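Each protein sequence line maps, in turn, to chains A and B.
Residues 3 to 345, numbered by my numbering, are exactly what the first sequence covers, in order.
Residues 561 to 681, numbered by my numbering, are exactly what the second sequence covers, in order.
Treat each hint with caution, since some may be false.
[Stated by the list, open to error] Some chain A residues judged to face chain B by a derived CB distance under 10 Å, without partners named:
1. R10
2. A25
3. V91
4. L269
[Stated by the list, open to error] As a list, the in silico DSSO-like pairs of lysine-lysine whose alpha-carbon atoms are at most 30 Å apart:
5. A:K148 to B:K626
6. A:K88 to B:K670
7. A:K321 to A:K52
8. A:K181 to B:K670
9. B:K655 to B:K626
10. B:K670 to B:K626
11. B:K655 to A:K88
12. B:K672 to A:K181
Source of the hints: derived by calculation from the structure; they are not laboratory data.
Remember, predicted model here, so these are calculated numbers, not experimental data.
Just so you know, even glycine gets a beta-carbon here, dropped at the ideal spot from N, CA and C.
Here are the chains, one letter per residue:
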Amino acid sequence: MSNQYVERGLSAPVNVTWEVTYACNLACVHCLSDSGARRNGELTTEECRKVIDAMAANKVFQFSIGGGEPFVRSDFMDLMDYAHEKGIVTCISTNGTMIDDEIARRLAHNLVYIQVSLDGARPQSNDAIRGRGSFRKALRGLECLKKRDIEVSINTVLTRLSILELDALADLAASLGAKFRVSRFRPSGRGKRSWGHLNVSRKQMLSFSDWLSDHMSVSTGDSFFSVTHEDRKSLGLNMCGACKLTCCVSPLGEVYPCAFLQENEFLAGKLPEEAFAPVWMNSPVFQSFRELEIRSCESCDRFELCHGGCPAIAYHTQKRLGLPDPGCLANCVSPKMPLSGVA
Amino acid sequence: MESAGSIRSRPNTRFPAPWVGNRSESKAMRSNFVYRLAGGVQVRREEFGLLFYDYRGPRLHFLPSKDLVDVQFFDGQKTHSELIESICAEHDWPKGLVSDKVNQILELLKTKGLIHEQSVC
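Required output: the full structure, derived from the provided sequences and hints.
Written out as structure tokens, the structure is:
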């Protein structure tokens, strides 16, 4: 990773996480954005098109689309078509339950990646997290995508429950011709309430790290770097990309450092009322985030692997930035940290 | 987002992209070639040079070329020799040295599958 160029600051994000709605047909217990009902003030179709125009004008390469459930928006496919017309790649995170043959047909585009969330390899385990019937519906959606040869990943949030089925989930993904990706659980949104009983223990985190090293094809998302071994460091970012490579736009058009830091104190601007470039380049929130240093980690021999880990997890568990990621495997974090589930 | 192979550089105040190469490689380059981005590849200008995004991966490629080669060159509208001439004219740099540097950049980008070359003859 060419950290030297990234740390100096890029002219625009490479990738923008865009949560297009809070509306969702499921109610997952770990939802990062506490989604459910549509909220007042969500961007209209025309406002969304302006967001796409702004990102295209700034040469943003990719949208990571999430929510809520994006397909709940009736204009969603039209918006994706518009983004593709502008040359922007879209990686769509979905619960998969609304994908049918017609949607799969429209998604068969060379600028589209799809990521379907599953949190268990069986209906019982998945539906305990994501709601009754969600496993069966997601599988049906995955089959529709497979028929169209659309590039798909199955994404699982690492929890005390899902960690028990990683092998089965990897097998399920392989049987569907999908890649497998495991994301860290973060205590934002409804995840704040389920963190205590769902977050993995330190022993499980170590076990997962070993599992990853035996499953090199499994990707781990944006900043799962701090729990991986040396031999995986080339497989992903070795630093937090927030405000350097990426940022987040909420369903209301608010701009934040990342999807897991949608808190008032991190609000950097609002689209489409404000121009995006000044928000990205000059907002005090983004500038201070770029200068964030995890000083207590700098002497650690793993520092070059993780650069202190995920600031969002540190923030949500310790209520301020600049502290180490409590999921660190080097035991550099005091065991007195207010973490649930630490063995 | 997976990060990608960095293109490393050493400080050089005159030429921003000091890749190691030789003149024989340079001569092998065809002056009437044009260059276009490979499918799924996009590029934009950054302070350090060019930032390539490759949909396959996706991967990022950082090219610390400063302002030696502009993104428009990869539209295929300007030939290799036209590029060299325009750089020499703009910066008053020796043609042989410019040609070497540009050729090294193009070879690197071709090797990484980021661009295709095509003869205009």
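Q) Quick check: which numbered hints come out false for this structure? A) The structure breaks hints 2, 4, 5, 7, 11; every other hint is satisfied.
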